[in-house]
Amino acid sequence: SLNALDGKATTNKNNSVNASGATGGRVALTGNSVQDNGDSNLAGTDGKGGVYTATARTGDAVVGKTAEVKASGTTNGGTIAVSAKEGKAISRGDLNASGGVNGGRISLVGKEARLNGPANVNGQTGKAGTVVVKGTDGNALINKKGNVTANGGQGGGYVLVSATDGKARVKGSVETTGRFVVQETKTPSEPEANAPQVSPEPDNTPSDNQDSANDKVTGQDKDKHDDNRNGDKVTGQDKKNDD
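Positions in the sequence shown are counted from 1; adding 2 to them yields the working numbering.
Keep in mind that the hints are not guaranteed to be accurate.
SDA-like, lysine to any residue: derived pairs with alpha carbons at most 20 Å apart [said to hold, decoys possible]:
1) Lys113 x Arg181
2) Lys146 x Lys188
3) Lys169 x Gln156
4) Lys173 x Val111
5) Lys67 x Asp139
6) Lys188 x Gly89
7) Lys67 x Thr57
8) Lys87 x Thr12
9) Lys67 x Thr55
10) Lys113 x Leu162
11) Lys113 x Thr57
12) Lys113 x Lys188
13) Lys188 x Asn118
14) Lys147 x Thr68
15) Lys113 x Thr77
16) Lys87 x Asn34
17) Lys169 x Asn153
18) Lys146 x Asp96
19) Lys10 x Val111
20) Lys87 x Ser18
21) Lys147 x Val172
22) Lys87 x Gly140
Derived from the structure by calculation, the hints contain no laboratory data.
This structure is a prediction, so every number in the text was calculated from the model and none was measured.
Kindly generate the complete structure, drawing on both the sequences and the hints.
In structure tokens:
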């Protein structure tokens with residue numbers, strides 16, 4: 003593993019790491035930003051592929067175009083994760099997490115995420131794996147040179163291109179025997195801290211006591227009220243006319 007405690011973790015194209023074995027090993031690159039231009043072999047020669055992580059704390063995490071990350075396995079593919087919490091997650095290299103049985107997982111997650119190279123999670127006799135390209139606060143792109151294969155002998159596979167508050171675009175090729183999802187979401191807006199408070203509208207519905215008070219009539223008003231309540235009764239000349 004390479005951990006730059008207060009700076010950039012960088013490998014050049016002449017650097018190569020071999021962590022292969024019966025079961026693939028682990029390669030971890032961590033720094034304020036990460037630039038990986040070398041090869042990493044984490045293949046499982048008699049089992050599952052290994053785990054590769056490139057993690058940027060404050061800047062970008064980039065797998066360069068000269069880099070090849072191999073986390074394939076004779077059984078299941080391994081895991082390749084490129085992440086940048088505050089920056090961009092980008093791969094221009096060759097990412098392989100395929101499996102002789104089931105495919106593994108490849109993810110690019112950052113404020114913005116871009117796949118500019120191959121990403122392979124095929125499962126030869128089983129199910130394909132997963133590829134995620136996710137922008138948490140911006141665009142998520144599979145560019146023209148991006149090439150995703152997620153095919154399984156028994157189907158499966160999941161490819162997700164997801165952007166929050168940005169654009170999700172696919173300009174390259176995607177092949178999968180499973181699901182392929184492209185989605186854009188918006189962060190819900192929060193009310194302004196200094197926004198004026200709106201008082202509730204007054205309730206003008208009469209209370210029971212008010213209704214009782216309105217029913218009380220006296221004097222001349224009472225006579226009128228009685229006449230109105232007895233409006234169905236007719237007497238005298240009115241009665242004759244009614245007959």
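Of all the hints numbered above, which does this structure not satisfy? Sort the numbers upward.
1, 2, 3, 5, 13, 15, 17, 20
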